[in-house]
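*Asks:* What follows is each chain in one-letter form.
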Amino acid sequence: MGWTGDNKLYLTGSITSGLTLSPTNADGGTIPVGMSISTYDDYTYDDSTYERTAIYEGLLESSYTVSRITWVSSGDSNDIKYQVNESEDGIVFEGWSAEADAIETTTYKTKRPYIKFRFLFYSHNWSDSDSVQVTQVDRAFTAYVNGNIIDANEFNENFYTVGRDDLLPRGGTDLAGTTGVYNIGSSAYEWKAIHVNNLITDDYIRQTYNLIAKTVLSATATRIEFTGLSDDQYYITCKFIMNTTTTTDKTLMFFNGDSAANYGYMIMKSDSLGAFFVIKTERKTTQTGIFIGEALQTNTISDEYGGLFRGYINTHAGHEKMVIGDGMAGAFSSTTTGTVETIFSIGGIWSNNSDTVTSIQIIQASKLNANTEVKLWVRK
Amino acid sequence: MTFRIFVNSTTADASDTNDNYYHIGQSSRLPMGGSLLANTTGVYDLGSSSYKWEEFNVNSCTYDTLDANGITWEYLTRTVVDTAASEIEFSGLDSADAIEYLCIFKFISDTSTAAIIGFHANDSTYTAFAGVCLLGTPTTGAAYTITAASLGNTTAPTITSLYTFGFLRFHCDSNTFQGFHFLSMSGAGETYVDRLGDGFGYLSSTTAATVTSLTFVISSGNFQTGTYIELWARGA
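Protein chains in written order, with the numbering used here: chain A, 1 to 380; chain B, 381 to 616.
Excised from the complex, chain A in its bound form (with noise of 0.2 Å):
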């Protein structure tokens, strides 16, 4: 099963990734026989309007007997239009269908196996945003009525509708695969065991670490922040790119917006290079946020100053809020030797152990560059 012969004119993409409008004709289509096309400079403005001004055209040939083909499009009504031309062998077909809003109708069923599929565009204009993606060619439900003949084809292909192949989430009364809608077991009624292959998700997957928030700088900016938080455990991961034009800034976390002098931390790190690192540590007390990362660029050949961090954060309510974890932080060059200037293990507390924590913020007063990344995980 699958698509053979596309002729995409003034049309780029593919039929089952998408279908958009080229002026350019990027794609070479040429203009079906017995057809004619106008395109928008063929006419004076107005004159153009509901012309044709591109074309798809390919040929669908279906393992299923019956079946329904299922697309997505956008554009205002009549935008898009289709048309289909079938064959029991491939090589005689029966006749172009006319034209039909594909704007509006979304399914297409069959009997036939070979499907000739045309999708006109009458676009207004290049820069309109129409477009149209086959997303699904499966089985046909067919409902009966009392009275009438079974087709036996039919009566089989209802029975693979529901037993065979891809287990897809159904609805309505002619069993067309849905999305977003329908579970597999509820609450009441588990499945004992589910056997698969990969797993894919959108949303989360119980009982492991979900990434439930990323942020990427796309510029320069002090201040990363994640809000509407109610878990009691997180963990981060940072990758933290720091504008160079201060070194010695500390990169802090604190709570809910709480920026006063409420955190207190324990840093132990290396100290200074040589062949050994020397361990320091230092307890910090009512302090303005608690150490993750700091600006170090004692390596000036190097182009870029940052460094990782990673921990876990406890939030659950009644506890003292904390941090534990560890990092490092250096100067990186893309064309010569950087250097990691430090190492570090920290815990750190926020002195409210009766506040929710809803909000996280990571700043930095000599900034953060693009590509600065944090990740926040929790278990769900």
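There may be inaccurate statements among the hints.
[What the hints assert, rightly or not] Chain B side only, calculated, beta carbon under 8 Å to chain A, not exhaustive:
#, residue
1, 394
2, 397
3, 401
4, 421
5, 422
6, 434
7, 435
8, 441
9, 512
10, 516
11, 518
12, 561
13, 564
14, 570
15, 573
16, 576
Bear in mind the hints are in silico, worked out from the structure with no lab data behind them.
For clarity, every value in this text was computed on a predicted model and none was experimentally measured.
Even glycine gets a Cβ: it sits at the ideal position worked out from N, Cα and C.
Following the hints, position chain B against chain A.
*Replies:* Positioned in the frame of chain A, the structure of chain B alone reads:
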């Protein structure tokens, strides 16, 4: 809708036929059993170890246990102390199924007693160990050889509760030495952090290779109410 059982020589109603299809294939897919295809729970599988589905595409995935075959960390359980106790034990473990355990903990000790918190495996069978910890204190940092499998050291009973927060990763692959890494902080509330420990070590045993339990102990006093440990595993 209920499932209709057809009978020989009896005219079938088209809507009954359609409803049977809808019963099986429409809306949520629930496990079914018996001649009436009634919903049931905890009996049937989707796929099998021999016949697996290729992909499972969902918006969210909820279940009681996750067996990810080592692909990701699996949350096993969380213990919260509701009555003061001198030790916390996770039993029923099988290191043949988990080559690494992760414990995320917050220990709360007696407010009047400084204590060392440690762990052992298999009811003290795994007691021989060696390790080095980088220990931070308010005035100095030092590396020292740990004399117990210590995860934290609650000290300075000057303010309120004494706590230790951190994590332990325990590699218990039975084919090699069983090493661990922990990172923990201990303190006494407000903005005071009194200890920071970053240690590596290993447990060893001459009698058993499979870890079946992990036990957390405190050298003085008890684990107080509110102490919690999350146990995670990463499979082989």
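*Asks:* Against each hint, give a clear statement of whether it holds in the structure.
*Replies:* Hint check results:
Interface hint status for residue 394 of chain B: upheld, as the beta-carbon distance to the closest one in chain A is roughly 4 Å, under 8 Å. Checking residue 397 of chain B against chain A by beta carbon gives a least distance of about 5 Å; that is within 8 Å, so the hint holds. Taking 8 Å as the C-beta contact cut-off toward chain A, the hint placing residue 401 of chain B at the interface holds, the least distance being around 6 Å. The closest approach between the C-beta of residue 421 of chain B and any C-beta of chain A is roughly 5 Å, which is under the 8 Å cut-off, so the hint is satisfied.
For residue 422 of chain B, the suggested interface contact is upheld, since its CB lies about 5 Å from the closest CB of chain A, less than 8 Å. Hint status for residue 434 of chain B relative to chain A: holds, with the closest Cβ pair at about 5 Å, below 8 Å. Taken as an interface hint, residue 435 of chain B checks out: its beta carbon lies about 5 Å from the nearest beta carbon of chain A, inside 8 Å. For residue 441 of chain B, the suggested interface contact is upheld, since its CB lies about 5 Å from the closest CB of chain A, less than 8 Å.
With its C-beta approaching chain A no nearer than about 12 Å, residue 512 of chain B sits outside the 8 Å limit, and its interface hint is violated. For residue 516 of chain B, the suggested interface contact is upheld, since its CB lies about 4 Å from the closest CB of chain A, less than 8 Å. For residue 518 of chain B, the interface hint holds, since its Cβ comes within 8 Å of a Cβ in chain A; the closest pair sits about 4 Å apart. With a cut of 8 Å, the hint placing residue 561 of chain B at the interface with chain A is violated, because the nearest CB-to-CB distance is about 10 Å.
The beta carbon of residue 564 of chain B is positioned within 8 Å of a beta carbon in chain A (closest approach about 7 Å), and the interface hint is therefore held. Against a cut-off of 8 Å between C-beta atoms, the interface hint on residue 570 of chain B holds, since the closest Cβ of chain A lies about 5 Å away. A distance limit of 8 Å between C-beta atoms decides the matter here; for residue 573 of chain B the minimum to chain A is near 4 Å, and the interface restraint holds. Given hint, residue 576 of chain B at the interface with chain A, holds; its Cβ is 4 Å from that chain's nearest Cβ, closer than 8 Å.
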